[in-house]
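S.K.: Dock chain one against chain two, each of which comes alone in its own frame, and use the hints as you go.
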Amino acid sequence: MSPSFLFSQFMGGLTTAMFLFLIASGLSLVFGVMRVINFAHGSFYMLGAYLAWQAVQWLHPTGGGFWLAALCAALGVGILGVLTERVFFRALYGREELYQLLFTYALVLVLGDAAKFLWGTDQLSVSTPPALAGSVRIFGTTQPLYTMFIVAIGPAIAFTLWLLLSRTGAGRMVRAAQMDREMLDALGANVAAIYTAMFALSAFLAGLSGALVTPIQSIVPGMDVLIIVQAFIVVVIGGMGSLWGTFWGSVIYGQVLSFGILIFPGFSLFSVFALMAVILIVRPWGLFGRPL
Amino acid sequence: MTAPPPLLAIEGLHAAYGLSRVLFGISLQVEAGECVCLLGRNGVGKTTTMRSVMGLLPPTGGHILWKGTDIAGWAPHRVARAGIGFVPEDRRVFAELTVWENLDVAARAARRDGKWTIDAVYELFPILRELRNRRGGFLSGGEQQMLTIARTLMGNPELLLLDEPSEGLAPLVVEALLHNISALKEQGVTILLAEQGVDFSLALADRVYVLEKGRIRHAGPAAELRNDQELRNRLLSL
Ligand SMILES: Nc1ncnc2c1ncn2[C@@H]1O[C@H](COP(=O)(O)OP(=O)(O)OP(=O)(O)O)[C@@H](O)[C@H]1O
Ligand SMILES: [Mg+2]
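These protein sequence lines map, in sequence, to chains L and Y. When we follow the working numbering, the leftmost residue of the first sequence carries the number 1, and every step to the right adds one. When we follow the working numbering, the leftmost residue of the second sequence carries the number 1, and every step to the right adds one.
Rather than coming from a laboratory, the hints here were simulated on the basis of the structure. It should be emphasised that the depicted structure is a prediction, and the values quoted were computed from it without experimental measurement. Glycine is no exception: its CB is placed at the ideal position from the N, C-alpha and C atoms. No false leads were mixed into what you were given.
Now the stretches of chain Y that chain L is said to cover, found in silico as 3 or more residues with beta-carbon under 8 Å:
id, stretch
1, 70–81
2, 87–97
3, 110–117
Listed below are several chain L residues computed to face chain Y (Cβ distance under 7 Å; list not exhaustive):
id, residue
4, Gly169
5, Arg172
6, Met173
7, Ala176
8, Met179
9, Asp180
10, Met183
11, Asp185
12, Ala186
13, Leu187
14, Gly188
15, Ala189
16, Asn190
Isolated chain Y (complex conformation) (with noise of 0.2 Å):
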């Protein structure tokens, strides 16, 4: 017997933004159940990781297997209906929609049913449930941020890309967002998470990897970085 293979395994990614390269060669894996973290400094690559992943833009060389089979270059939807749900950075809530619609037209896009329901999601953001009739562009950064994350899990995602979710919220939000995201790992959602903050991420990290200029630099685990504070600076702050 064959060990199964990982929930998501990249390997040697290559992406492109027309002539200018930015990825070279990426390879990481990310098990059930884990989460990861891609940790790295503005323009190091790590959205542009996620958008190939998605599909959003296609890879220009490498393997991304999902469960085993080669998803590089499928279009969006198709990556979304395998299980894979995406929380961009910049949240993207569709503005005129209401909280409630922006859920509803998720749970529709993705046609996914699982345990997360319009219920479960007002469970784990009960704010957004006060919010449901509020027009998603009158809402807070903080509030965008849990509805974006909200708004993803209705499509039952077995694999969560979440793309900087503390970025340019107060520090009292975050604080409740780590909350919040904690807890949906612990209710056993996979996670690969981009961070460029360390405590966030290292607060919830199973796994780190470390990026610069498009290739990887550092893996390993996050236990590691917590504890070691000068590979912490050798890695971090150049």
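Same shape as in the complex, but just chain L (with noise of 0.2 Å):
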């Protein structure tokens, strides 16, 4: 194996990676904050890939317009994180695990019908944004701009959503939130509105992460349930609501997804479930995560 080539797996597993963490963080800082598990994280995921479909068609029908679709459709699926959040979410917090699963679970039907309806089983694409279209020779391995712009975008995100949690009064609130939801509402917060506040966030880190997919993959129904056990598997390894451990999570995830493929070609998936039994024996809390 020459070094070229495992550089290029190497690229490949890190760009996996960054994808993922923009859909896992989402889901690990709505259950860090509310304690609930949002199964529903993926269907938000896929209703950004399509409405920045939509939006290119709306606004550039000869393609184009991509960041503003993508900023768009990202808009979109936070507002409609807010609507789900004071419709049905609020209902959820501090109910059973079953209660959260089997609604969020449904919320995943509904909302994959909805996109069957609105548009169609068909694969769609959406073209690279043409300032990244070209690529770039690194090891004398060929990489697109585009994904060299997606493994630049993931530690930036991280590295943004630490400095608002640890160094900013909203931040503060928000773990104190998390530490004591009543407490901090009897010195005066009105915690409802943050929990809104938090769940908006994740959800437009959904839909951006799906609006970003689009130029890499094709935009089909069953995306968001693929993508949502692979989010549930990173968050699992790096420690439930834990934010560098979704991070490294997510890191390790690829890396073994794209060198376990070398491995046991044809099993792709086995290398991440065997790293994911392997650590939930080991630690059950994940890797940065605490015993409950």
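M.R.: Right, here's the structure in full:
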């Protein structure tokens, strides 16, 4: 195996990882703060992809307008997040996991059908934004600029979220809400509004990652369920609710997937599931999580 | 001219945890500037009364008048923003936030400006200034109690609900706390205190309500209980 081949596997793993991080970060955030397991997070991601496609059609039917379309899609999904939180999720806080599971699974079915109804079952695709359509040569490999962009945006978003949570007043409020919701409420904070904002941020991130994936993956029904399983593995590996856990969980997932395929060709997900099993046995609370 | 309504007036308050009823028509008043004590043994309903006022346990009956407005059933953050500060008995500092972060969060939560700033509460509890970068979870019980009081003060409350501040603290720490709370009282903070211990409460209170099984058994000036050993025994050593 040549170094350039290994490097290109590594970059492939990193791209997968950073996409997964974008998606899983929102999942982890909502679990960390509200203790709600949102299976419909993958559906938000899927809607982000469809909305981005739709926005491109409206803005520039000939192609182009990608960045504006991606932003619109992310905002659209963020707004949908606010609505679902206000109407449905609010009733789930503090309820048993079973209710959360059943409800969010029902939402997966509803949103999946809605997407099929609105956009049909054909594959849709979006072209790469012209500014990033080229590629660069590194270590004798050809790396598309767009994947380089994704590899850069993952850590950027991780760092931004970390700064927000640990270094700003709003972040301190969120951490306090995470530790003792009732106490924060009695001190005068409108915790319900904080929850809505966190949920909106989480949905926004899901929508954004759905939009950003469109230039390299076609949009198909079922992408919601496919992604939520992977995002879950990442969050479990890293430790539920830990931001950096989710980040490193994604990196590990991406690399294990990318190199595992070389060892077990044909069983692409085998190594990932094996990894998750080992981590769950050794550290049931995940790499960066804490025992409950 | 009618007299202004009392700062807080509770009228016929009933409260329950699910089907188990706990308060049976509590009525009491707190005037501005007073220190009023709810005295009573384990489980008589002192905490429940305070939680009802705060909106943490919506009452099943009765009125809670704050400056004449019925606030029964308001959400806790509305009650806090109206000027009532709550110091819970189990303290509940934000364990993973530092002392300074705990105070900052409280100021942001209540959004009530006034004389209580971070510097002012450090003045009252100098130890908190030294410990400002330590996480709440790593403080001693007494330090946590001070932080909880300081944190509530950051909301500049007009009335402070203090639920058993001396519980579980060493005698020397209780002494220091007594001193701090007296200082607060002298600065004009109105206090409703819940206590089991007669010594602590009688040292601070102007008036006392003795609770028994969710009802008010006795109401009167604290001096009466301070001076009358026999009355004290009859009411409290049952
Ligand atoms: N969460 C709860 N669920 C059910 N019953 C409760 C709950 N909290 C308190 N109780 C009951 O309500 C009654 C009053 O409790 P409360 O906590 O108000 O008493 P207290 O006067 O504050 O006592 P203490 O001095 O022990 O703090 C008790 O009989 C208690 O068992
Ligand atoms: Mg109590």
